[in-house]
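S.K.: For reference, the chains in residue letters:
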Amino acid sequence: MNQFLAGGFLRNLLAGMVAVVMAVVMVPVTAQDQKAEALKMDRSKILSQPGVFGVFTTYKWLPEWYELSLSERMDYVSRVMELIKKHEDSVLVDVYLTAGLGGRSDFFFRIHSLELAKVQTFLREFRQTAIGKHVEVLDTLIGVTKPLNYITKERLPELYAGLVSATYTGDIPRYAIVIPVKKSAEWWNLSFDQRLVEMKVHTLSTLEYMGSIKRKLYHSTGLDDADFITYFETSDLIAFNNLLTSLASIPENKYHVRWGDPITLGTILGPEKIVRVLAE
Amino acid sequence: MNQFLAGGFLRNLLAGMVAVVMAVVMVPVTAQDQKAEALKMDRSKILSQPGVFGVFTTYKWLPEWYELSLSERMDYVSRVMELIKKHEDSVLVDVYLTAGLGGRSDFFFRIHSLELAKVQTFLREFRQTAIGKHVEVLDTLIGVTKPLNYITKERLPELYAGLVSATYTGDIPRYAIVIPVKKSAEWWNLSFDQRLVEMKVHTLSTLEYMGSIKRKLYHSTGLDDADFITYFETSDLIAFNNLLTSLASIPENKYHVRWGDPITLGTILGPEKIVRVLAE
Amino acid sequence: MNQFLAGGFLRNLLAGMVAVVMAVVMVPVTAQDQKAEALKMDRSKILSQPGVFGVFTTYKWLPEWYELSLSERMDYVSRVMELIKKHEDSVLVDVYLTAGLGGRSDFFFRIHSLELAKVQTFLREFRQTAIGKHVEVLDTLIGVTKPLNYITKERLPELYAGLVSATYTGDIPRYAIVIPVKKSAEWWNLSFDQRLVEMKVHTLSTLEYMGSIKRKLYHSTGLDDADFITYFETSDLIAFNNLLTSLASIPENKYHVRWGDPITLGTILGPEKIVRVLAE
Amino acid sequence: MNQFLAGGFLRNLLAGMVAVVMAVVMVPVTAQDQKAEALKMDRSKILSQPGVFGVFTTYKWLPEWYELSLSERMDYVSRVMELIKKHEDSVLVDVYLTAGLGGRSDFFFRIHSLELAKVQTFLREFRQTAIGKHVEVLDTLIGVTKPLNYITKERLPELYAGLVSATYTGDIPRYAIVIPVKKSAEWWNLSFDQRLVEMKVHTLSTLEYMGSIKRKLYHSTGLDDADFITYFETSDLIAFNNLLTSLASIPENKYHVRWGDPITLGTILGPEKIVRVLAE
Amino acid sequence: MNQFLAGGFLRNLLAGMVAVVMAVVMVPVTAQDQKAEALKMDRSKILSQPGVFGVFTTYKWLPEWYELSLSERMDYVSRVMELIKKHEDSVLVDVYLTAGLGGRSDFFFRIHSLELAKVQTFLREFRQTAIGKHVEVLDTLIGVTKPLNYITKERLPELYAGLVSATYTGDIPRYAIVIPVKKSAEWWNLSFDQRLVEMKVHTLSTLEYMGSIKRKLYHSTGLDDADFITYFETSDLIAFNNLLTSLASIPENKYHVRWGDPITLGTILGPEKIVRVLAE
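Residue numbers (our numbering), protein chains in the order written: chain A, 799 to 1078; chain B, 799 to 1078; chain C, 799 to 1078; chain D, 799 to 1078; chain E, 799 to 1078.
No lab work stands behind these hints: they were computed from the structure. Bear in mind the structure is a predicted one, so any value in this text is a computation, not a measurement. The C-beta atom is built at its ideal place from N, Cα and C for all residues, glycine as well. You can take every hint at face value.
Which residues of chain B face chain C? A partial, calculated answer using Cβ under 7 Å:
id	residue
1	Leu-899
2	Arg-902
3	Ile-1036
4	Asn-1039
5	Gly-1058
6	Asp-1059
7	Ile-1061
8	Thr-1065
Put together the whole structure using the sequences plus the hints.
M.R.: Right, here's the structure in full:
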């Protein structure tokens, strides 16, 4: 060891720095298990609670990916599965296939966690896997879920009831669409009541589509270059096109400085869906 | 198999994931055949019906492509032909040559299907072919056809009759032009009647060119970062320049926030054309 | 000596051009000759007639280019010369050197033809040559020449006379500048008479520079993402800077949504120039 | 030695040029030590004084990085540690991990110095290390600290007292966020008193968050393409999202022509933090 | 030699073409010397006269550069020095180090010449050197110097006197900043007198900084995508930040459509400075 670095503090610092800039931190399974109960990720809860971080990361295969054999790819995928399993107590990972549809991208992750740093830990370990080494990162969006702030029970009981009672009745959704949104300074400088008026119109426009389109909202101001990440699931893309055209036609749209750019459309790869694809 | 992944559910999940992130799913021909009758793609129908998805994907050759021998290329092209044939019951594939004309791109696909996921399946398999491995994706546009919503028989019988009776009388078109269009919030917030007034002017501007220029419209709002994909075919590019100048000169143009960017111009490679080129 | 290149005309022609691809497909000379008479490209005519397509393609050397030996490059250039010769009945190719001046680009082609598809054929063959394999395409502009539409003899006899009588009196131009132009919806929605007023001012601003600057205009609306390609030749770049400053200072400029972006400046490589460079 | 370069002046010039365009200048330790006392970087002072330059440089690993072994990476990191140590009298280097969160980037440096040229010297030597050879520079921001210019004791004693007494009471911050800001010509052309009114509103909006969010401001006008670099540290990203939403909702926001683009979010890698990560 | 190219004329032609598209033209020293007296570049004259072209070219090292040994780099730099020496009668080359400060760039050239084509010749030969083969061109700006057009002795004798008498009294400048500027159509359509009013305010804002900041202006309209290149030298970057903030705060700023984008900041590498760096 270099004498220059012999002191105890520097030694610790160096070792930590090594861990930080590089490889997979091999946390002992037992230590992890002790925290598991507390952090345990309940899918339905994590997807409905406020205060949950959502990270959307879009990837593109490097050209070398296409040169691998089937068995190599199977092996590589199995390692990512193990990694997702390893982190299941702290992050919930969904995978979407955008190849051929989502511009230059091939797939994206939607990752939920109560702690943003846990998402980073997972994604850094992912980049160390064989698959992670065969991708280029195209884009990252970061948001956090919050309680409804405009359409509340107290403020607008009827509309709220409509929202709450609206149920998705379509097939298991096959497509997901991610649309980042940024609103102008003029929007944010409207009074709350003025914005409430516009959000009522917005909500009324969406109500009729809630049987065929699922929605989820993440707040992003200050976390990335959008104000919101709007996430949709549907099997009826024509209804979706109608909904978005409808949302284009209300005054709120005049306050959009970013609406998409990019819009990312992919197919949903839930476990049950994967099985069905296999069975074909 | 890794013990960690031994459970039945996980095994299925893993297998599915492998299929998803990677290779060509080898669907048995017999299974496919059973669905063929139902999905059979009738070119003239698929090109005139509403509810059909259209995907435009633009490619650029990687430098390695130019190093291949003529016989290698011929072999590679034949495999793409087989792939198009294999999927002909679910997707209709047209190929256009943009090399030298369409900015940095070399060719693009226009793919029609009743199901967007089928387009993805085809395009993913295409990327696994030798040709697919020699290209870079530059851009993707996604739209869906709809019935005419402004100029209808009931609303404007005379103009509608003009539209319906207008017939393309030119040579077999040699060129195709793809122009994505996005309209401002101000446009979408006009009343339907105000927009109708502008679309009447638009339609009148196009009527005189319908003998020499074919048009087709796809709706994109929410599916990609445009509102429409406008697709044209012609052999008379001077008439086309006149038409587009004419469309620039009407009030509708004031509501365009994107009109092109990029405009993609290519030569049309219909099967009969390809054969002719081959025969030279 | 190759008999094919022996004639005096061929020598001059050859001297004026540099080019591109190519290829593989050796079209029999006899077949081509039969079409030659009809398509025969007369330089002075092709550069003055309406209805002629102009394609501007900008290239950058790949890093490998700089690794080649002088004799390899000489050999490669000779093949491009042959290609230009081969296509001389259908396309007229001019070459400009932008290295060191035109942003990231190294050279560009200006190609004229009565048929756009012929330009594509030439450029595709160019990409197949050894030189074409050592370049990256940065940009492509496509336009078509048209008769004067504002300043006509009938409408403005005096100004028209001034335009017609203005003669370039400078040295053989050493520099060419290509400036794409796009005008706003507001411009195109002005009445013809309003636009005529502005174009009179425009023309008056240019008249005093016509002794030292040559101009040529191509119409692009719908063919690429500009409305016009303005092409200039001069040996007096200070006069050119004065002219463009003058054109910035008239009302027409308020209607520009694109004016350059990029402006491409290169040195002209006419046959006589090349000889002069040799003689140095 | 080439005779052409034999003169004394040219020899010096050449030697200097070599030093300039290339390698690690091996300054003798003793010479450096003599200046150490004078330049000694006191972290708390350097982070609170005006007149200190701050450079933010964002990096992305090249694909080759992921191919290195753990021991290679450890060795490489140790060399960067030595370099930071070597320059500790002239530059103060902080490291932040953005991998998975900050768009395409993997980490960034925040470097403080009383002399901008010293930052350049450090960063040039960094690029010569094994780690520096495995990164691509994505972005650089340069700013300088200045005394408070709006909210002063004399002008607004109450608000100033609030600012001064506000103390960060949260956990050791885990996250840092860098947001470049550019203000419009309209903002800068407001009178000082008009801007003071807006900055009072701004300051009031931030006061309630100062217990959970640390802020630091760098002035950039003319040094890079922003007017300010705003730097934040926090462990409470939801509070941070609330603060930024609050700042979006005041009139000052109408004068932003750039606010982010990009916003860069990373985890903080202070020495003590690294030790903790190790201890896990 | 290829028999195909045996003719004398063709042989010359081809050789010249090769020279044009590529390599170092080895002009005999004697021939060059004869022109030397006439073209001799007097640094102080070339930097103060109107009618001088200035080209700013920004470079980034390719990754391979960092793999070279010190002796290789020394050798490569010596060849660039020889090249600068060889061209010293026609171009004046200054070098600036931007590594670590100027975004993604590593260094830039500022080259002055009475003839733009001479700059191209130098830069093309530079690309043929070993150093030129290890760089990527990021950006090029082209301008020309002109006499003062607003603040003249006749028009504003007092202000003119102030400008003329203002003398730089700072240390030898260590930093250079290059800021391209483009002004709106509204600016250029102001009357001369209106623009004069604004330029008076501009000049008054700069006067107090002329003791610590040197300025130089190049006119670019039509030569590249800016209207002006503003070049500054200083050792006091805080004064520079104050000056630019001051220029942001006057009405002229409302007419900027580009001001920077990019701003490029580098350290100045004059011969005397290099010697000093060596001596450290």
